[in-house]
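Here is how the chains run, residue by residue.
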Amino acid sequence: MNVIDIQKLTKSFGSTRALRGINLTVRQGEVHGFIGPNGAGKSTTIRILLGILRKTSGQITLLDGDPWKDAVRLHRRLAYVPGDVTLWPDLSGGEIIDLLGRLHGGLDVSRKKQLLERFQLDPAKKSGTYSKGNRQKVALVAAFSCEAELYLLDEPTSGLDPLMEAVFQECVAEIKKAGKTVLLSSHILSEVEALCDRVSIIRQGQIVESGTISQLRHLTRSTVNVETGTAAIGLGKLYGVYDMSRKGLKYSFSVDSDAMTKVMEMLLPLEIKSLTVEPPSLEELFMRHYGDGIGEKGGTAK
Amino acid sequence: MRISDFSGTGTLIRLILRRDRYLLPLWILLPVILALIVAVTFTAMADKGMQSVLAEFDKDPLVSAVLGPVMSFDLSGAIVWRGTSQMALVLGIGSLLTVIRHTRRDEETGRSELIRAYAVGPYANLTAALLLAVILNLSSGVLIALSNIALGGAAAGSFLLGGTMSVVGCFFAGIGALGVQLRENSGTARGFGVAVIGLGIVMMVLNNLGGGYTLLRWVTPMAWQRVTKPFAGNHGWSLIHFSVFAAIPVAIAYVLSARRDLGAGVLLARPGLSEAAPSLSSPLALAWRLHKRSFIGWLAGTVLYIVVFSAFSPGLSKSGGISGWLSGLGGTDWIDEAGLGYVFISIGIYLASLFAAAYVITAVLRLKKEENEGRAEMLVDKQVGRIRWMSSHLIIAALCSAALLTAAGIAGGLSYGLAAGDLCNGFWRIFAMNVTKIPPVWILLGITALLYGLWPRITALSWVVWASFCMLELVWEAQLIDWPLMRISPFSYAHYTIDITNLPLPPLLGLICLSAILTGIGLIGFRNRDISIKA
Ligand SMILES: Nc1ncnc2c1ncn2[C@@H]1O[C@H](COP(=O)(O)OP(=O)(O)OP(=O)(O)O)[C@@H](O)[C@H]1O
Ligand SMILES: [Mg+2]
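In the order they appear, the protein sequences are chains A and B.
Residue numbers for the first sequence, in the working numbering: 1 to 302.
Residue numbers for the second sequence, in the working numbering: 1 to 535.
Source of the hints: derived by calculation from the structure; they are not laboratory data.
Predicted model only: the values in this text are computed from it and were never measured.
Do not rely on the hints blindly, as some may be mistaken.
Pulled a few chain A residues facing chain B out of the computed Cβ check, cut under 7 Å [said to hold, decoys possible]: (1) GLY14; (2) LEU50; (3) ARG54; (4) SER57; (5) HIS75; (6) TYR80; (7) PRO82; (8) LEU103; (9) HIS104; (10) GLY105; (11) VAL109.
Derived lysine to aspartate or glutamate pairs resembling EDC-like cross-links, with alpha carbons at most 20 Å apart [what the hints assert, rightly or not]: (12) A/LYS113 x A/GLU165; (13) A/LYS126 x B/GLU56; (14) A/LYS126 x B/GLU373; (15) A/LYS132 x B/ASP20; (16) B/LYS368 x A/ASP90; (17) A/LYS132 x B/GLU108.
A virtual CB, placed ideally from N, CA and C, is assigned to each residue, including glycine.
Just chain A, same shape as in the assembly:
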């Protein structure tokens, strides 16, 4: 079952076309990573899901309703953390968490206490004196202490220190274990890699790739270092092979996943002396999608 189902969603702000036909599905019980460069449209998509921005066109089903029309009913079943939390400076963090909980229709008090402890947040401080990370924690504690089926997290850990980042990852893991669904937008790739079952990459208002991380890996190139007994003539001209460099009989190049068989077939008769194949790092994977070189053949977009 899909918790979020977006088809051909567009959104324009005047002449700016922020979303140009997004297709995105998030399945029940999965943690779905939502990544892409600055200004790609992640926050806009999430705000439309929250029903605080109005779509220009397209179809959206959120849980079992329409995010704009059924906002209040749906919001009882979801929780949201923005990436840039602003609070009422004259209220304390604890007051704000309780307020948000009341607006949700109640929060789990023992869970709140536990979360405050884990995130090391002093709830008695006036929120005007909180640091950036502490403001973020207020929204995180409020969201995680609310009972919800779906968590929309838009760069939820921006400003958190590595220790708190770890606490956050634990929290998401617990939610997932409880069978809840999460849509997580983030620029921290290690976080995405650690938490997400599936990932969608958005670029300039369009989803350019969607799938599990290993599926995405498959779409990109591995780096091969090989030493052969005899010269490998024509290896560099093979379809799917890039960035060939050669030192004597040592070759180093990158290769598309689907060209790997062809390359191996060519190398095999040449007597392989040593061979290493490195899978693409997540960074490389994303660089390729974020950068301008998308869809181009040849040349890594490093």
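Following the hints, complete the assembly by docking chain B with the ligands onto the known chain A.
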């Protein structure tokens, strides 16, 4: 509209009550205090009997040109006649600011986004803010009524007066609700609201010039008491009419708010420049860029006000009947010497100088906004010394306030001169009246700068000082205090009762020096204190 569209309203009302627990009582009580001050001053003046005092005022052509005819010749009537416009102004500003603070301001900062992601209906925030404004106005209305009854007023008239004031306040709450739909920033909403209030005041004065019962009294909330007539016939039914009138902007606000994105306005945001203009190359240029829009708004308002006032002044004939009170104010025969229309415009300019002082306070407090929102921090590391940063805004505040009064002098002088048929003489006098108000206005600049530099947490005190100077004027006019005490107010050194051609200049120079000293202390204080940091 469904019930769920309002879900969360109750909790949000409690949030606003919590946040405004000190501010709300202030807005509720201020109009009551104003009514009481009027009562005290009139009681003090009425040694010959309230009836005759009011009758004398009523015959005075100048006083009734400003305040309109008296409707009922007793203490309650005095409160209605003298106090309603101030009460309407205070309730109007209070309602306007309260609504803006809890709607657009929250959207602008992003707090609404956090709230709306919870089970909060799209109308909840607007409804909470408006309900709160209604509560504010009703409480104030009831207190105005009760204090009137306590002073011996009839119950029906007292509640009608209170009710009228409540409806006036609610109207401006609606204007606030409408204003916040327009653009994505709260400055536009405030500008819109203040413009409507200003227009209301101008129409009120025009209505009074026209005898008090022109059609304008239906249009401007500042004159609605001339329709509902508390203590003078009690036309209570027209309150219903005005309530409907007050509901119109509210209804439009609801319709507009349902059509727009959270955080956006119904008018689309205009794109900015992709590169800074070459002139934007110093802190001073940046300060000017930041102050420009609000300054233009104030400039337009001031010029409009002065032109209207000056154009009507020469027409006021000198047809006798000046009250003993008024002629007593400026020593013997000052009105006979000066001429009635001339006194009228000098009072008008005096009021304009109080508004210019309000402007200078808002301009200096821009520093605080820049600091609190973390932008000061961004600049002071860029080879911009603290003193240079702070003084850039102060220079703009000083120049803009001076420009405000100079422009008023030129526009008012032309308008008065043309209307009087004596351009040269009229122009220079009106011009001088305006320009000599600059030093007292700068005193407020100095005080605000000093507070900001030394104790940024209590800069609101500058408003208290400003209000005290205004009060001092009222109390002095009521002859509760003598001139020497009135001299505490810097505005007394360019007072409207002093003939402009004989105005002593050394005290004005003294004021300029004093404001420079205050400003200097503020600058030094700022250099030595912590900058508040937005983490
Ligand atoms: N209110 C608005 N008016 C005009 N344009 C807007 C508005 N809000 C967003 N945009 C534009 O829409 C595009 C998408 O913005 P969005 O905030 O969704 O990006 P994002 O993917 O969240 O980026 P980031 O990673 O920096 O948070 C951007 O080009 C942005 O400039
Ligand atoms: Mg974003």
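Review point. Under the criterion of a CB-CB separation shorter than 7 Å, is A/LEU103 in contact with chain B as hinted?
Key: Interface hint status for A/LEU103: holds (4 Å vs cutoff 7 Å).
Review point. Is the hinted pair A/LYS126 and B/GLU373 satisfied, with a Cα-Cα distance of at most 20 Å?
Key: holds (16 Å)
Check your understanding: Are the Cα atoms of B/LYS368 and A/ASP90 separated by 20 Å or less?
Key -> Measuring from Cα to Cα gives roughly 16 Å; hence the hint holds.
**Study point:** Agreement of hint A/GLY105 with chain B interface, Cβ distance less than 7 Å
**Key:** holds (6 Å)
**Study point:** A/GLY14 as an interface hint toward chain B, with CB separation required under 7 Å
**Key:** holds (5 Å)
Review point. How about A/TYR80: closest beta carbon in chain B under 7 Å, or not?
Key: holds (4 Å)
Practice item. For the pair we were handed, A/LYS132 and B/GLU108, check the Cα-Cα distance against 20 Å. Key: holds (18 Å)
Review point. For the hint on A/LEU50, does the least C-beta distance to chain B fall short of 7 Å?
Key: holds (5 Å)
Review point. Minimum Cβ distance from A/SER57 to chain B below 7 Å?
Key: violated (15 Å)
Check your understanding: Going by Cβ atoms only, is A/ARG54 closer than 7 Å to chain B?
Key -> This interface hint holds because 6 Å falls under the 7 Å limit.
Check your understanding: Does the CB of A/HIS104 sit less than 7 Å away from some CB of chain B?
Key -> holds (5 Å)
Exercise for review: For the pair we were handed, A/LYS113 and A/GLU165, check the Cα-Cα distance against 20 Å.
Suggested key: Satisfied, since the Cα-Cα distance of roughly 19 Å is no more than 20 Å.
In terms of the numbered hints stated before, the structure departs from hints 4, 11, 13, 15, listed from lowest to highest.
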